[in-house]
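**Q** Given chain G's structure and the hints, the job is docking chain H onto it.
Chains G and H supply the protein sequences, listed in that same order. Here the first sequence is numbered in the working numbering, starting from 1 and rising by one per residue. Here the second sequence is numbered in the working numbering, starting from 1 and rising by one per residue.
Read the hints as simulated data drawn from the structure, not as lab findings. Glycine included, C-beta positions come from ideal geometry on N, C-alpha and C.
Here are the simulated distance ranges between beta carbons:
| # | chain 1 | residue 1 | chain 2 | residue 2 | range |
| --- | --- | --- | --- | --- | --- |
| 1 | G | ALA288 | H | PRO51 | 51 to 59 Å |
| 2 | H | LYS84 | G | ARG371 | 49 to 57 Å |
| 3 | G | ALA288 | H | GLY52 | 46 to 54 Å |
| 4 | H | GLU68 | G | VAL188 | 29 to 37 Å |
| 5 | H | GLU73 | G | ASP35 | 53 to 61 Å |
| 6 | H | SER87 | G | ALA288 | 44 to 52 Å |
| 7 | G | ARG378 | H | SER87 | 53 to 61 Å |
| 8 | H | GLY135 | G | GLY363 | 36 to 44 Å |
| 9 | G | GLY207 | H | GLY134 | 30 to 38 Å |
| 10 | G | GLU241 | H | GLY134 | 41 to 49 Å |
| 11 | G | LYS364 | H | SER87 | 41 to 49 Å |
| 12 | H | GLU68 | G | ASP35 | 45 to 53 Å |
| 13 | H | SER158 | G | GLU420 | 30 to 38 Å |
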Amino acid sequence: MNLLSARLLRAIALLGLAVLASAHVAPARAQVSIDINQGNVQPLPIAIPDFLANGGDPQLARDMAGVITADLQRSGLFAPIDQRAFIEKISNFDATPRFGDWRIINAQALVTGQMVRQGDGRIRTEFRLWDVLGGSQLEGQQFFTDKNWRRVAHLIADMIYEKLTGEKGYFDTRIVYVDESGPKTNRVKRLAIMDQDGYGSRFITSGNELVLTPRFSPTSQEITYMSFGNSDPRVYLLNIETGQREAVGNFPGMTFAPRFSPDGQKVAMSMEQNGNSSIYVMDLRSRATTKLTDSGAIDTSPSFSPDGSKIVFESDRGGNQQMYVMSASGGGAQRISFGEGRYSTPVWSPRGDLIAFTKQSGGKFAIGVMRPDGTGERILTEGFHNEGPTWAPNGRVLMFFRDLGGGPRIYSIDITGRNEQKVPTPGFASDPAWSPLLN
Amino acid sequence: MTRTMRIGKAGKIAAALCAVMLLGACAKKTGDGLDGANGGYGANGGRGGPPGSTQDFVVNVGDRVFFETDSTELTSTARSILDKQASWLSRYPRYAITVEGHADERGTREYNFALGARRSQVTRDYLAARGVGGGRIKTISYGKERPVAVCDDISCWSQNRRAVTVLGGAAGY
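Same shape as in the complex, but just chain H:
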């Protein structure tokens, strides 16, 4: 009986951990294949991680904004996320960032490099205008080469048209 209860308890803890992991996986799914080095959030300190951590930024602030089809304009949702990113980055000036621009697959490879570059640039410019020092920000475009969602319909395409703010410099390519 005691034994069973212990197992039950462990099971509960496992379930709680699992929920955290799921959230993590969820955030990762809508997000980036690129920031694997930043992965594992949720493993310690709850879903948001300690304040000022990468997990905190990804989960509580939001590390990415999305774009309309073939557009490089920031939506109001995107601007409000970037406002939060800018204030967080002002609070934690130790981070350099790379803004990655991405496109969905409905375009040619070369055009999408240019489109991703524009998306990273408008995102960069917005953050800079909100007080993030330009010297802290690098930009890079991955075009359509690094989708996070892989299906051939609108739900995926909208997740792939994104600019991702990655803490701590360029991802490992």
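Chain G with its partners taken away, still in its complex shape:
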């Protein structure tokens, strides 16, 4: 683990990211944009030629365009145009494109870029986003990096996404998840971390201990998760940069289902004592622990509202699992789920507008969303067996895991439910947790 963490640390240090606006860029008013709040979004046709290598590595320049293209395509909001349809061949990064050539192939936006290896060995990546219809430049940035060009690609994709949709992107993010291997009766479960597009998966725990339900800190490179160590199963904190790990408190019973507060200063979790599971919150600095529920029922899966004032959780206090919202200091729990079936693993969107959940009914496991007041329930995907939604930092996309029988895999789905994608992982994968934006 230390080795892995050291590698991770090095990778982060190597990035040496500097975001500079090009001097000659004059941002123009966009005529091209996507309204992602309308019911049926028409993906925006966008042209992304390979970046210019300028004496550098042409494969890298192609890969850069490829990663940006894949990010935007997977979002479902963009329709990258087949490069073979391109008429103009971009050969000079500083020249204005022939917009007419791009209009003919129905491109509404155009991305051009180049990668230059500098004297100091670093790679400078520059890109411009053009409004093809308006004939103007919308964005222009440059980045410096040693090796981690993929992060640059994700940052560029985020900038394009933000410029054209008006909302923050989510591509420069990572996913921590549970890698599963071995027979179902004795699965080895390891925490692994990868880029949001499934690239670069690596283990961050060894597999000696059964580990589950990781969650990212919203503010630091820390995760909290549950582990079966040598003692009772309990909640841990792990710094994924340093590899440092500590137990969250030392309680007599099992602790599980941990989640950070939005400020990263507290962890809410369930503690089980004498068969009862109640929700507690611990202040990570003072170590003060407060009991928030005391129902004698199974109270678990807490999730803070983004303003930190409320917690949604699941409880079977009414006979079976339903979702309740209470004050973050405990008390005033109100049931919000009233549909047919059982509701569990509620997760409050970072935007605050929706709560995602796992719903069981009729032998099926669905992933759905509803408003925090319980109205507007929508099922996004259904079948046996979907579980455990996690939000992208912009609240537009969810990941979850699905097990069709052989073993679990991670999928993403947007909040319209129309754009579902399998996320590639090296092995079976469950319990995805989306990081905040890294930049």
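**A** Showing chain H alone in chain G's frame:
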């Protein structure tokens, strides 16, 4: 001829051993992936093992009870098995035990940890009420993480909703 007969005899012994092993495998299949350290029963002393042994407990008493879907109530069958467990444990006080609570896969991971914890607790409480000292009993929940039967139908789910009494402390996790 003599040689053939010898082989036949060896074959019979092998067959008898095999039957024992099958029973062992059978008990293990309905039971736990966790108590590998206790495995190998049937290898000596017949199917039940010597009185007071782990094999004796697993085979002759029964080391596990099963639950209805989403329930933590002990069935009458479960209670009668636990009665036998309690009297056996009273006879052999040298054993500490861990009661493992398990759930089937038809629930979310976190809920199933809580459900397994309840199952281990009711089992523990029942044993304690039948005279097994509370200080001898540890409980742990594995939720749905350690199924013993792996198919997607009712026959498997019912085997996975269980509380297993493991002799000699916690399994090796």
